[in-house]
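Quick mapping for you: the protein sequence lines, in order, are chains A and B. So the first sequence is numbered by the working numbering: it starts at 2 and just counts up by one. So the second sequence is numbered by the working numbering: it starts at 578 and just counts up by one.
Derived by calculation from the structure, the hints in this document are not laboratory data. Bear in mind that the values here come from a model prediction, so they are computed numbers and not experimental data. Careful: at least some of the hints might be erroneous.
Covered stretches of chain A, going by a simulated chain B footprint (3 or more residues, C-beta under 8 Å) [unchecked claim]:
no., stretch
1, 39-49
2, 179-192
3, 225-234
Here are a few chain A residues that sit away from chain B, every Cβ distance over 10 Å (derived from the structure) [what the hints assert, rightly or not]:
no., residue
4, GLU4
5, VAL8
6, TYR9
7, ARG11
8, PRO17
9, GLY133
10, TYR239
11, ALA248
Which residues of chain B face chain A? A partial, calculated answer using Cβ under 8 Å [to be verified]:
no., residue
12, LYS581
13, MET589
14, GLU599
15, ALA600
16, VAL632
17, ASP640
18, ARG647
19, LYS649
For each residue, glycine too, the CB sits at the ideal point set by N, CA and C.
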Amino acid sequence: MIEMEVVYSRPESFTPTTTHYCPGCTHGTAHRLVAEVLDEMGIREKTIGVAPVGCSVFAYDYFNHDFVEAAHGRAPAMATGIKRVRPNNTVYTYQGDGDLASIGMAEIVHAAIRGENITVIFINNAIYGMTGGQMAPTTLPGMRTTSSPNGRDVEVMGYPVRMSEMLSTIDGTSYSVRRSLHNPANIRKSKKAIRRAFEVQERGMGFAMVELLSSCPTNLKFTPSEALNFIEEQMVPYYPLGDYKVAPEVKALKV
Amino acid sequence: MALKGTIEVDQMHCKGCSLCVEACPQNVIALDMEHLTPKGYHPAMLIAEGCTGCVICAVVCPDAAITVYREKRKKK
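Same shape as in the complex, but just chain B (with noise of 0.2 Å):
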């Protein structure tokens, strides 16, 4: 089974650009039309179940604005 991972997105940093929505190969990241940044953008989230950990969305962000976490790999 896959690592189980998740992604926070720093609000302040986000300028939702949607690069990583794209670039997400799970699908499962979104832009948060519901919110607003302080700087006035729709925000990138997760929006599904399925995030693997697999940083891609945090090499295209312009703005660093993303933090990956991923389960722990179980020790041999």
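The shape of chain A in the complex, shown without the other chains (with noise of 0.2 Å):
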């Protein structure tokens, strides 16, 4: 009799609920790695999140520990407060590229500014995709959406946004990455970057931001292994992966 044991089961942090996520969104790989990166740590049950309003508007329905919602891209300032209030606690925000990049852009930029001992989770999908597909501020250009359905043209709509990029100029910032969803390894390298970035709140070290490169299937009208090719053909060229902040100290970090 051959004895077997699990080697990979369900988080602890996940509650049994299903998600409404389609099938193949990999916003239930990045729910997934928080999850693993809580439970590992240990620090599930002093945990707040905030969830944003997005696709991901129903997070607090899926993890295990103490949640509240946001104000759609407030999430950063809401947790400020929490965090303020509460400083023994871990505070995080997951917010998807409409929730932050764009109306909430005031909020996350000014957050990093005051170095925040906050962790943030930023899924990058280059799409709207809770309200249909329209165009977001990461929307690559030439990509076609709902609300440009010639291509996105930049003469007229502007640039797409890097949001790494950005907030890695800011003094405030610690830790400023960018990863990807789009295969095994990838997925694991995410999983680091977001223990490290947790790490980094953990330790009083200030603001960390962990920007997952994401798909959406249903809006970009892909089958879920296409939407995935198309993060690693067109997605990671535009925003390529990489550390774009890492505080000497936060380096220092062994995790």
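Using the hints, put the two standalone chains together into the complex.
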């Protein structure tokens, strides 16, 4: 009789609820990575998440720890308040590109400028998923969406914003990196980055953001695996993966 | 010899996105076209011997639907 052991099971930080995400949406992957990191660090009981508006608006139903829902784009502002009142709790925001890079641009930039001791998980899928696939600030030039049916014309609609690079220029930022969720190797790297971002907060080292390139099979009108190819072939060249700012003390962290 | 493993797919959570089917290095996962989950998707299932319990299917699964078991390593 061969003895079997469990090598992977659903993280404890997840509730048994099924998610409302479309099949193959990497929001689920990002949720799972956060849940795994919270489990590994053993900080689930003292963690407070802040949910955004967007596809991940119901994130509070899926995580088995305290969660609050912020007004559209205002998650960093809300997280700032929670962290200042309850400095011993771990506070993170989970935001999409429509939330963080569009309506919430002021909040995220100023949270970074103040060097707030919070962790931000930023999901960049280059489109507004929840409202039906409109053009987001991160939509690639020439990309067709429901509100740019002839492709994003940069002459009229401007250029996409690269958040990790932008926030890396701010002194208050300690950790600003971009990772992707398109294959197992990159998913593992993403998890390491999320772990580091939470460790930064645990040690009070300041503002940490992890940007994750994500897919939206439904609104990009791809199959789940084609959507991952889209990340690899189209998004990664425009949004290069890498560490944009790692403060020296964060670099010295052994995780 | 490679270690033996097996997977268990949670029918409530699997949405049949087939990311695990494509990621499986041993090509032993496929969608079960004979059955539907309570939500109406064709769930992923193990179709052949050869699973090594490498956890790659669970790493790519967006819905954390897969539990992976592996043969216990013998203590030296």
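- Checking C-beta pairs, does the stretch 39-49 of chain A have three or more residues closer than 8 Å to chain B? violated (count 0)
- Report holds or violated for the interface hint on LYS649 of chain B, using the least CB-CB distance to chain A and a cut-off of 8 Å. holds, 4 Å
- Message: Quick check on ASP640 of chain B please, does its C-beta sit within 8 Å of some C-beta on chain A?
- Response: holds, 5 Å
- Three-residue Cβ test at 8 Å for the coverage of the stretch 225-234 of chain A by chain B: holds (count 3)
- Query: Can ARG647 of chain B be said to touch chain A, with a Cβ gap under 8 Å?
  - Reply: Holds, about 5 Å.
- Interface hint for MET589 of chain B, Cβ within 8 Å of any Cβ on chain A: Status holds, d = 6 Å.
- Run the C-beta distances from PRO17 of chain A to all of chain B and say if the shortest one exceeds 10 Å. violated, 8 Å
- Interface hint status, GLU599 of chain B versus chain A (Cβ within 8 Å): The hint holds - GLU599 of chain B has a Cβ within 8 Å of chain A, the shortest such distance being about 5 Å.
- Query: Three or more residues of the stretch 179-192 of chain A near chain B by CB distance under 8 Å?
  - Reply: Check passed, 4 qualifying residues.
- Task: Classify the label on GLY133 of chain A as holds or violated, using whether its beta-carbon is more than 10 Å from each beta-carbon of chain B.
- Result: The claim stands: GLY133 of chain A keeps its Cβ more than 10 Å from every Cβ of chain B (closest is about 20 Å).
- Message: A cut-off of 10 Å on Cβ-Cβ distance, and TYR239 of chain A was said to be off the interface with chain B. Does that hold?
- Response: About 23 Å separates TYR239 of chain A from the closest Cβ of chain B, which puts it past 10 Å; holds.
- Since GLU4 of chain A was said not to touch the interface, does its Cβ keep a gap of more than 10 Å from each Cβ of chain B? violated, 4 Å
When each numbered hint is compared with the structure, violations occur for hints 1, 4, 5, 6, 7, 8.
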